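Engineer: Sequence:
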Amino acid sequence: LGYVWRLLVFFVGSALCIGIVIPYNDPTLLAILGGDMGGSGTGAASPYVIAMQRLKISGLPHLVNALIMTSIFSAGNGLLYSAARTLHGMSLEGHAPRIFAHCTKKGVPIWALCFSLCFCLLAFLQVKSSSAVVMTYLVDLITCCQMLNYGFTALTYRHFFAALKKQGISRDTLPYKGRFQPYTSYLAMGGTLFMLLAAGYDVFLKGGWSVMWFFLTYAMIGLFIIMFLFWKLVFNSTYIRPGSADLSLGGLREEIDAYETTFVRRDPGRVGRVLNKVFE
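Note that the sequence shown covers residues 1 to 280 in UniProt numbering.
Please keep in mind that the hints were generated in silico from the structure rather than gathered at the bench.
Remember, predicted model here, so these are calculated numbers, not experimental data.
Note that the Cβ used here is the ideal one computed from N, Cα and C, for glycine as well.
Incorrect hints may have been included.
[Unchecked claim] Quick list of the computed label-pair ranges, beta carbon to beta carbon:
id, residue 1, residue 2, range
1, 95, 11, 27 to 37 Å
2, 95, 197, 26 to 36 Å
3, 85, 235, 19 to 29 Å
4, 104, 65, 32 to 42 Å
5, 172, 53, 31 to 41 Å
6, 167, 202, 15 to 25 Å
7, 184, 231, 50 to 60 Å
8, 229, 65, 25 to 35 Å
9, 30, 172, 48 to 58 Å
10, 5, 110, 31 to 41 Å
11, 81, 159, 20 to 30 Å
12, 5, 256, 28 to 38 Å
13, 193, 229, 29 to 39 Å
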């Protein structure tokens, strides 16, 4: 659980500190975000950079920019891995073209990786101001998709929790057991739903109505419902109700557990052990 405390200290703690230093109506921040000052869409718009500039310590803003770049690289690397593996898994299950199931000798889903890499080219939309507007639209749509992912991840866990309980499997046998379940999953679902519905509250305020922003904020919710119903009706697939999932995976669970028990990890070496201590 050490990573949980690191997340709380570095992310929540730093956000709290920045919120104390930079108010919501900070003139520099509003000028950059409003387009009155250069730097919109770059690291200059980060409250962290603005806070370092206020301290008037030479080099700190550049250091923060460098840290932001490393964070972007790390996040991009992780998301690219997730996208490629998700597409590969969908192909194996028949939900995506079979070409994405192909792997190299080292187990890399090369075609799924190349397809996922193509979306990275969308970053070049930021080069020109007119195309940057399109990039903003895409970011809003993706943000809504991510919120839906979080919500349905919590719903999936609720189904998993019910299946464990119905099949008499103790959560103590799992490698990790979260506290306060299943109540925290309910909290996650409720919080995500609230954020989805409240994300575009400003379009309902007097003088704030915009068809474009209403569409960008709420269209993905309707699109998801349509795609869900389309898949269920066209392919006649059944909905796995809470508690009815086969956690034995058709008898494969014992083989998987036995393999993981006998799996011998490769020694990372002295340098690898030091790096693991630092980053794990």
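Engineer: All hints are to be evaluated individually against the structure, with a verdict given for each.
Structural biologist: Structure-based check of all given hints:
no.: 1; hint: 95 / 11: 27 to 37 Å; in the structure: holds, 34 Å
no.: 2; hint: 95 / 197: 26 to 36 Å; in the structure: holds, 29 Å
no.: 3; hint: 85 / 235: 19 to 29 Å; in the structure: holds, 23 Å
no.: 4; hint: 104 / 65: 32 to 42 Å; in the structure: holds, 36 Å
no.: 5; hint: 172 / 53: 31 to 41 Å; in the structure: violated, 51 Å
no.: 6; hint: 167 / 202: 15 to 25 Å; in the structure: violated, 46 Å
no.: 7; hint: 184 / 231: 50 to 60 Å; in the structure: violated, 29 Å
no.: 8; hint: 229 / 65: 25 to 35 Å; in the structure: violated, 46 Å
no.: 9; hint: 30 / 172: 48 to 58 Å; in the structure: holds, 51 Å
no.: 10; hint: 5 / 110: 31 to 41 Å; in the structure: holds, 38 Å
no.: 11; hint: 81 / 159: 20 to 30 Å; in the structure: holds, 25 Å
no.: 12; hint: 5 / 256: 28 to 38 Å; in the structure: holds, 31 Å
no.: 13; hint: 193 / 229: 29 to 39 Å; in the structure: violated, 19 Å
This entry does not satisfy hints 5, 6, 7, 8, 13, going by the numbered hints stated previously.
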